Amino acid sequence: MSARDDILAAIRAGLTHGRDGALPRQTPAQIAAEAAALLADPDEIRPVPAGPDPVASFIAKCANPALGVTLDRVPGWAALPQAVMAYLASHDLAPRIAVSADARLDALAGAGLETHRDIAPLEPAAISVAQWGIAETGSVVIHSAPDQPILNAMLPRHWLVAVEEDRILPFLDDYAALAAPAPRNAVMITGSSGTTDIEGYFVRGAHGPGFVHVLLISR
Amino acid sequence: MADAAFKTRAHDALADANLKTAIDRTTGTAETKRAAAVDAFPEFQAARARAAAIKDHVIANLDHYLIAFEQNATAAGAQVHWARDAAEAAAIVSRICSDAGAKIVTRAKSMLGEEIGLPHALDDAGIERVETDLAEHIIQLAHERPSHIIWPAMHRTREDVAALFFKDHHPPPDADDAASMVASARRVLREKFLAADVGISGANFLVADTGATCTVTNEGNAELSTTPPRVHIVTAGIEKIVPSTDHAMALLRVLVRSATGGEVTQYTTFHCGPRRAGDADGPEEMHIVLVDNGRARMVGDEFRQMLRCIRCGACMNHCVVYRQIGGHAYGGTYPGPMGAVLTPVLDGLAQSRDLPHACTMNGRCEEVCPVRIPLKTLLKAWRLRTWDEGLVEKPVRYGLGLWGFAACRPRLYRMGTRMALPVLRLFGRGWIRKLPLAGGWTATRDLPAPAARSFMDQYERQQKEARK
Ligand code: SF4
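First to last, the sequence lines map onto chains A and B. Note that the first sequence covers residues 1 to 219 in our numbering. Note that the second sequence covers residues 1001 to 1468 in our numbering.
Just so you know, the hints here were simulated from the structure itself, not pulled from any lab data. Any given hint might turn out to be false.
The calculated label-pair distances, taken between Cβ atoms and stated as ranges, are [unchecked claim]:
1. A/ALA86 - B/HIS1120: 46 to 54 Å
2. A/GLU114 - B/ALA1087: 27 to 35 Å
3. A/ALA37 - B/ALA1087: 37 to 45 Å
4. A/ALA86 - B/ILE1067: 50 to 58 Å
5. A/ALA120 - B/ALA1087: 36 to 44 Å
On a predicted model such as this, the values are computed, not experimentally measured, just so you know. Just so it is clear, CB atoms sit at the ideal spot from N, CA and C, and this is done for glycine as well.
Work out the full structure: start from the sequences and follow the hints.
If you want it as structure tokens, here you go:
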């Protein structure tokens, strides 16, 4: 027998001839119904929102100093270049930034900013557009795609991420409901990279970005 | 591996003041942060009960979900492998690496990888293994094994880490504070991430209905280990299955709060198959190795509830024994209360029979476990088996036999305690620090001196008083 057959046979033996005697097995429909029932009454098992609406909650969560995130509200995509310039200047960074192929970032080039698509191993700053934001935790989610290189979110020292206000979902479950069909890689990012591996002290910027700046775009 | 030398290791650990400092610093912080996170989440108890129910549901239908996961992962383009035991799993990973012509392999921390002996297998295959989690990097430089499942280098103080980095990092760190050392590791490891041929990660969840694997990290090393290399290998225990992403989120809420006191990890990443047409980056091959290694058998025995474990580490952070002796003394891959239950499964009871006995039964582990595993009951089940299988040492057997004989004869028992109490009180008032024939016990502990009269004596006296 293959390893697969052996393992499945051992599991079935354990489930049907357990120490509690022979157990009836459920049909796939019964299993699905039970799985769904385990998600009933979601409010009982999740935190109450931090604000009156998802956008307010998201902003409140991002303000948690433990996350190491800064947030800027940007009045529409047209105002993005200015917001990016201001951020780079406030950190004494040159007006250069790595961008993904997302067309909404095209306007950055020319507005006094120099942009490039090939990210360097020690890139100072890069910008991505997130697919979703999650109010419950202050997270943003990126999905791998031709115009979404995952490494752009991981390599830079400063990671800027634009997300539209109407893409802010209330809870983790709301994002989960949208997860099928699954992208190749979905990364839910909550704050800057960090580690507590040396004596439990939090140090920012372990392998990923030490600075995460959310640009919340209103319509 | 666990062996009969547990007592020696525990003894050495107790004598190591540096170790005690290191453990106290991290477990203390972890305990405080967890308590704060739980206080800020009034739904925690309900979420815990639900998390336990989700895991029970999965285990009761494990064959069904494994097949669904395999189907969906395969449909997404991943290759699914099955391994009966540690050796088979390590061999599968080594073969994939050699087929890929791998010279450099990056690893994102996975306790399952430790369990199946992956570090050794890769070293034996002559592959350069780069541990990318900061703590794993530290213990790789120190040639050690993890001493905690969340903080593998918990036993190392900042001073220890500085000494290692100054010796091995070129150029050396700028200073010896934690931030400079993290920066130095970032610099050293960054080149390796981009040069690796294969990236190996574990999985916190295997999502049955999408075929995705889910990994959580705070450092971002998992994404950097799994994105640039041509091949991504996931090794995961078969119990990591969840029905859907939604169920994974429900577990994530209790996992992170229990582990680090955060609401969610900085990086929660779902991998579903290899790079798709036009993708900007990502591996060309994705392999998933599903590892049994004793788990399928647990489905049918008294340790089934242990399969709920989501490896948060809270039980060890809150364990008085772990906090005294640290993780290495346990001798297995997994330390603390959960390790004391799992190690006999993985390494055999004869090898690790002391572990279920190294417990005060104070129940703190059960109180904090986010999936409500009855750890005390499971430890007692191992104690019973140790007895049944004749693995208890002769003096203990003899002593307990004598006690059993007396306990069945109340008069004799009471006479015995009445005689023993004044004798014990000769050795100290308040606390007994030394006791003839019990030097092993009192060398590192004090025994409260007993009351002048036994409980039964006092009880009888009170009853008589009351009747007057
Ligand atoms: S036994 Fe419970 S507390 Fe311990 S690691 Fe597993 S889930 Fe966490």
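Verification of the supplied hints:
1. A/ALA86 - B/HIS1120: 46 to 54 Å: holds, 52 Å
2. A/GLU114 - B/ALA1087: 27 to 35 Å: violated, 54 Å
3. A/ALA37 - B/ALA1087: 37 to 45 Å: Holds, since A/ALA37 and B/ALA1087 (Cβ atoms, about 40 Å apart) stay within the stated range.
4. A/ALA86 - B/ILE1067: 50 to 58 Å: holds, 54 Å
5. A/ALA120 - B/ALA1087: 36 to 44 Å: For A/ALA120 and B/ALA1087 the Cβ distance comes to about 42 Å; the hint holds.
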